[in-house]
Amino acid sequence: MEKDDLLKKWLNHELTQEEFQAFKQREDFAKLTQLSHGLKHFKAPELHTENALKSTLNHIDSIKPKRQWFKPLLRIAALLAIGFCVYYYTTTQDTTTKTLIAQKNNINLPDHSKVTLNALSTLTYNKHSWKDNREVFLQGEAFFKVAKGSKFNVITDLGTVTVLGTQFNVKQRDNFFEVTCYEGLVSVTYQSKNTKLPPGHTFIIRDGKQIATEKETAQVPQWLNNESTFKSIPLEYVIAEFERQYKVTFITDKVDTKTLFTGSFTHNNLDVAIKSITMPMHLSYSKTKDTIVLKRE
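For what it's worth, this note's numbering labels the leading residue of the sequence shown as 1, then goes sequentially.
By construction, these hints were calculated from the structure, which means they are not laboratory data. Every value quoted in this text rests on a predicted model; they were computed, and no experiment measured them. Don't take each hint at face value.
Claimed, not checked - In the DSS-like style, the derived pairs of lysine-lysine whose C-alpha atoms are separated by at most 25 angstroms in a straight line are:
(1) K231 x K247
(2) K247 x K196
(3) K254 x K104
(4) K196 x K209
What the hints assert, rightly or not - Derived CB-CB ranges, DEER-like:
(5) D132 x D290: 41 to 49 angstroms
(6) P198 x G149: 19 to 27 angstroms
(7) S286 x T124: 37 to 45 angstroms
(8) N106 x G149: 33 to 41 angstroms
(9) K148 x T249: 40 to 48 angstroms
(10) K275 x T217: 22 to 30 angstroms
(11) D157 x N108: 41 to 49 angstroms
(12) S129 x K275: 22 to 30 angstroms
(13) K275 x T195: 23 to 31 angstroms
(14) D132 x E19: 56 to 64 angstroms
Built from N, CA and C at the ideal position, the CB exists for glycine as well.
Build out the structure end to end from the sequences listed, making use of the hints.
And the structure:
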């Protein structure tokens, strides 16, 4: 049996007769016996328990072997402490989902609300505080189906959308901010001004100005069906969305990108999508690898 094991059993008065005879052969047996006898009659003076503890520990440190049996327990305690810190850190951090070009992603939030994230978008929320604060941060575009419950906020760089339980779409790209309500009631806060949106109504801010819109008749945004649609939107915004859905770059030096566009393009066929934009605008184009050059006819 190891010496440390004999020492532990001796301290707990658990040695057999045979083990005690072996324990007596230790070089430090006399010191250990003397220390044990002294401890039996030891009584710490009032208000000096700290000094007594230090004295006892100094005696134990002087006993060889210096490696005490309780050191493995200290290692275990340290590992548990580190594990707790890692667990706490990872479970209280924000959860972030990002999409790439031509990618969409479905996200299930802690309250079973559902989010579909459009291409090149980012959604961030905190699982740890979700019960007390249903709040997400959005960069890009997403469609929300919010479970009924407490207030639900979608925060963007340009404005905040607040609901209790509904279906709506939020798009925030550079200086473009658009919110469309498909079910329930949506509250949009922009520059401290609050606007209520019933189903079918849209709120648009473009380059700092609010834009009037027609009533939306679709049940969901068309990009969920792999088609981007636009109503009187400058061509530059249409092209930017095109580049998010396809891995291409447009050269537009020879066209007026401020011209308004109404129409749509598919996400599933590059050639068809290009023609869907160029033909209504009376533009011609040339394509080289991943570059598309637009020209006036």
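Cross-check of the supplied hints:
no.	hint	in the structure
1	K231 x K247	holds, 24 angstroms
2	K247 x K196	violated, 37 angstroms
3	K254 x K104	violated, 32 angstroms
4	K196 x K209	holds, 18 angstroms
5	D132 x D290: 41 to 49 angstroms	holds, 46 angstroms
6	P198 x G149: 19 to 27 angstroms	holds, 20 angstroms
7	S286 x T124: 37 to 45 angstroms	holds, 40 angstroms
8	N106 x G149: 33 to 41 angstroms	violated, 20 angstroms
9	K148 x T249: 40 to 48 angstroms	holds, 44 angstroms
10	K275 x T217: 22 to 30 angstroms	holds, 25 angstroms
11	D157 x N108: 41 to 49 angstroms	violated, 25 angstroms
12	S129 x K275: 22 to 30 angstroms	violated, 48 angstroms
13	K275 x T195: 23 to 31 angstroms	violated, 37 angstroms
14	D132 x E19: 56 to 64 angstroms	holds, 59 angstroms
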